[in-house]
Amino acid sequence: MVTLTIDGVEVSVERGSSILEAAQKAGIGIPTLCHDKRLIAYGACRLCMVEVTARGRTRTMPACFNPARDGMEVATQSPKLTESRRKQLMLLLRSHPLLCPSCDACGDCQLQNLVHEFEILELPFSRETRHFHVDNASHFIRFNMNLCIKCGMCVRICDEIQGENELSFVERGMECEVSTDFGRPLNCEFCGQCATICPVGAISSKWLVGTGREFELKKTNTVCAFCSLGCSLTLGEKAKKVVYVTAPADSPNEGNLCVKGRYGWPYVYSEERLSKPLIRKNGSLQEVDWNEALSFVADRFKNIKAGSGGQSLAALGSDRLTNEEAYVFNRFVRTVLETPHLDRAAGFTYRGLTDGVEPMLGYPAGTNSIREIRDSKVILLVGADLTETHPVAKNEVIVATARHRARVIVIDAIQTKLTYRPGMHLATSPGSEYLILNAMLKWVLDEGRFDKTALALRADGLDELAASLEAYTADKVAELTGVPAALITQAAEEYVNAPTATIVLTQGMNRIGFNVEIAQAAVNLALVTGRIGKSSCGVHIFGEKANSQGAIDMGLGPELLPGFLRISDEASRAKFEKAWDDALPATAGLSAREILSGDGGIKGLYVIAENPVDTYPDRATVQKSLSDLEFLVVQDMFLTSTAKMAHAVLPVASFMEKTGTFTSAERLVQRLHPTFRSPSVKTDLEIFVALAAVMGKPSMTYSGPEQVMNEIAGLVDTYAGISYDRLAEGPIPWPCVDSEDPGKPVLYEGGFPRGKAQLAPAPNPAALAVDDLPFYLVSGILKFHSGSFSQWSPSLMEVCPDGLAEMHRNDLKALDLKEGDTVRLSTGDGASIQLNVSWSRRALQGTVIVPEHSSQVKLNTLLSWAKPVVKVRVEKV
Amino acid sequence: MKERDDILKRKVQKVEVVPPEELAKLDEIIDRYEGRPSYLIPALKDAQEMFGYLPMEVQRKLASGLNIPSSHVYGVVTFYSFFTIEPRGRHTLRLCLGTACYVKGSKDILDIIVKEVGINVGETSEDGRFSLEAVRCLGACGLAPVMLIGEDTHGNMDPKDTTKILEGYQ
Ligand code: SF4
Ligand code: SF4
Ligand code: SF4
Ligand code: FES
Ligand code: FES
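First to last, the sequence lines map onto chains A and B.
Number 336 in this note's numbering belongs to position 336 of the first sequence; there are no gaps in the numbering.
Number 917 in this note's numbering belongs to position 40 of the second sequence; there are no gaps in the numbering.
Please keep in mind that the hints were generated in silico from the structure rather than gathered at the bench.
Treat each hint with caution, since some may be false.
[Stated by the list, open to error] The calculated DSS-like cross-link candidates involving lysine-lysine, where the alpha carbons are at most 27 Å apart (straight line), are:
hint: 1; chain 1: A; residue 1: Lys813; chain 2: B; residue 2: Lys902
hint: 2; chain 1: B; residue 1: Lys992; chain 2: B; residue 2: Lys922
hint: 3; chain 1: A; residue 1: Lys818; chain 2: B; residue 2: Lys1041
hint: 4; chain 1: A; residue 1: Lys302; chain 2: A; residue 2: Lys818
hint: 5; chain 1: A; residue 1: Lys150; chain 2: A; residue 2: Lys87
hint: 6; chain 1: A; residue 1: Lys302; chain 2: A; residue 2: Lys37
[Unchecked claim] A few chain B residues that don't get close to chain A, going by computed Cβ distances all over 10 Å:
hint: 7; residue: Val895
hint: 8; residue: Met933
hint: 9; residue: Asn944
[What the hints assert, rightly or not] Examples of chain B residues lying across from chain A (beta carbon under 7 Å, computed):
hint: 10; residue: Gly952
hint: 11; residue: Phe956
hint: 12; residue: Phe959
hint: 13; residue: Asn997
From the three backbone atoms N, C-alpha and C, an ideal C-beta is built for every residue, glycine too.
Throw the hints in and build the complete structure from the sequences for me.
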């Protein structure tokens, strides 16, 4: 720590902090125009000049990039400084057009604010005019380079944080502007970070153009509902409609958002959104009012229950429900429908990963917080294409590699963008990632590169693990996977040697099978090398949807009750029977796979915000089993492929219209705050409560999400200290055991819930049984889409309309295919789909990457539980 | 918005097409500098010597070969007047517009070139004969006004002689 005085206030900051940071800590404002805490200091605008007296000498210097030192005396205000700031501002105004009345940044412009603050009323010189044209050619983002003040923040955020390097200063002098090469339209992530960081209106989000200005918008902070990173959003609302989305700078995501969070929200206002309940009459879905719909649904459920018992009903919850809704849904299914058959269809990969982790460590969740990744020296990305699946977490990898010399080890069947960062790529076939992790661990054990005594104190099962790894020599795994043995040992060595090392698993792998194995192998490796319970280490698990974690916490699984309790456990059941004042089924129910197989004897199914017809493996089976149902209810915002098959469709509120909490991939429990909601729209929670009443369980009533959260806090240990009052102060990472507990960003720092962790023995290494066909099918995720849901967003469809099969250049050549040709992909079982091909840098030779999101492509036709790894034939049609 | 766009028009970049077999020659330069992103300027210089100018295809290929973002390559190319995106004329006119030369009449020389050759600063004549660049002080103020044509220096120029001097360069 160093101590200095700023305007007479003494302040201590960490060594290496800038004078500006010290001033901010002391609550003293210094004007800046080229500074952002996310970026490396740049020193272009010279507004932050301060007078520094040290060792008897006084000098003026920029506060943003000069470090604070012991004993410095800093003056941030003086006549001289004011004069110099005024001069700088005047120079900027010299060529900055004074078209403030028509500028969209008006009111949100740092230049305008400073010119006002420093009372610049006239310019002592004549002005110059720049002649750039306003460039509207890119999606979402508009450039008006006449307004640019050359702070460089757009270029820097694109390079330093996004790692996209899309922008650059081009030309010189008066011609100088921010542009792409040859002024082409943007072809990038469309994160919009450049537009939000621009202190003036030179780069702006097109949607704000002419719609409203910052000061006219009503602001609401909430949480992004796309992926599981839980980025905070600020919604700007005008005339009861959200027109702009940005992120608060003091949020966990530090103001960063990806394209979905920033520009994906217009699905809320999509014309295709359902506004009225639908029920099937004479074979077609027809609009009815809520009372009719609810009694229709209630009657049909009651009839089936009366005829063949609750056991013949089943329910699929969703990773999109809030914690409160998921919790109440659990209660609804178990006590009102009276069936044990409750699961989620979409979360099977995440479930597989967390299932692997829970018995070993204690909690079915990732161990560390996302922001710690930037301080990891080695980042092991296992099937984790973060650029596409979790873009804001990818930013952490960019910062780690660019600023802190970290290395990435990518184990993936896709040549992800992060393979271009310093490090290595272990290009392996899908499904064999865990073999490589195990071979790495085997090397660590053989070389004795771990602390045996420390491990023995923390974890059991080393001997069994070591025995099970006998066959996992680097050579053997090299033979099975085609990854050179030397690369495997090098990866192991780098991972072991790094002072901090993180493993990231995501649902990006998004395929069937081997998820438990991957999670076990990752946790074994992290445990043995002492990387659990330490910051910037651990194992991250990122789910696909906003509340992937909360859905598990709230027990949306056939054998689960809220709080990871098992329904088969007498005491756990008793706890909830008491709270819910009802009897609970004593055994685990059917899983989603069994429910959708059609063999479970299910007659009535209640599907919440899921679209298994387009996303669940074995499409044909799913369709058949759904059409065989006596009664299918789908609760969704849109008429999805699944909803089209339903007998009743209940429309719901979007995330922007409701209150509740989501639990992110870093276990952060965060509040959603609603914007305007039309009175006719109901939330999932309201529907569950209303249905319970119609079905004769009026005791299952809640005044609102807050009451539900209070009940959850009373019953679920990890949420015990969480309340809406506390969440108003900021998010809390569970476990949070009482009202004083700040929560734990890093799990297991003080030990494991069961005293010790448990190493899991590895399965026998074996070559995967795959069909003898030329191409591996890799289900890919694109940053513009998360699941089929984003397809309702007109904005995201504008940038990324089609699902294309991505292939390697050489493969295209060999098959005599051109970009845009239509191909048929067929499996050994004869299932096939048709789509267009494109050349892609991401695709390795011998693989075809097909987006899993597209309801046009219908990738799930080719996926099957029977064959976790699919090979296909590619033919031109 | 539309009006604003119409008022402010940016000059459109002309793009020449380089045939792929020509482009393949770049591989040699890429091999030479691969993995050394700080050698972008020498690489661009070599490429310009090879092609005479740096059109889009050349820049993009160098960018991907050297693993440098193409926007940054373009930024460097447009920053240094040494680099050119359009083909240069057979003769490059470098006219000094520094203070001494300006005072002594280089503005008049410029006017004559604009009128007679029909090109402005940064442009190349349609017959490919001349390219015109303006420079700020060649450090030869004693000879003001000064114009370089290729390697030749023409000092103490009388603007009236401009046309005659240019005739010597076909
Ligand atoms: S939108 Fe994002 S990726 Fe694209 S130029 Fe702006 S900062 Fe870079
Ligand atoms: S466009 Fe905006 S952010 Fe970029 S340099 Fe100009 S003023 Fe700064
Ligand atoms: S990274 Fe995920 S949570 Fe963050 S803005 Fe993007 S989709 Fe939303
Ligand atoms: S903020 Fe320090 S120079 Fe711009
Ligand atoms: S001003 Fe022309 S050479 Fe110096």
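Consistency of the hints with the structure:
1. At roughly 22 Å between alpha-carbon atoms, A:Lys813 and B:Lys902 fall within 27 Å of each other, so this suggested pair holds.
2. Annotation: proposed proximity of B:Lys992 to B:Lys922 is violated, straight-line Cα distance about 32 Å (limit 27 Å).
3. Of the pairs offered as hints, the one joining A:Lys818 and B:Lys1041 is violated, with about 56 Å between alpha carbons and a cut-off of 27 Å exceeded.
4. Taking the CA atoms of A:Lys302 and A:Lys818, the gap is about 57 Å. The hint is violated against a cut of 27 Å.
5. This hinted pair checks out: A:Lys150 and A:Lys87 have alpha carbons roughly 16 Å apart, not beyond 27 Å.
6. Restraint check: the Cα-Cα separation between A:Lys302 and A:Lys37 comes to about 58 Å, which exceeds 27 Å; the hinted pair is violated.
7. Every Cβ of chain A is farther than 10 Å from the Cβ of B:Val895; the closest lies at roughly 14 Å, confirming the non-interface assignment.
8. Annotated as non-interface, B:Met933 brings its C-beta within 10 Å of a C-beta of chain A; the closest such distance is 5 Å.
9. Remark: the non-interface label on B:Asn944 conflicts with the geometry, its nearest Cβ contact in chain A lying 7 Å away (cut-off 10 Å).
10. The interface hint given for B:Gly952 is met, as the beta carbon of that residue sits about 3 Å from the closest beta carbon of chain A, less than 7 Å.
11. At about 6 Å, the closest approach between the beta carbon of B:Phe956 and any beta carbon in chain A falls short of 7 Å, and the interface hint on this residue holds.
12. The restraint placing B:Phe959 at the interface with chain A is violated, with a minimum CB-CB distance near 12 Å, outside the 7 Å limit.
13. For B:Asn997, the suggested interface contact is broken, since its CB lies about 14 Å from the closest CB of chain A, more than 7 Å.
In the structure shown, a violation is registered for the earlier hints numbered 2, 3, 4, 6, 8, 9, 12 and 13, in ascending order.
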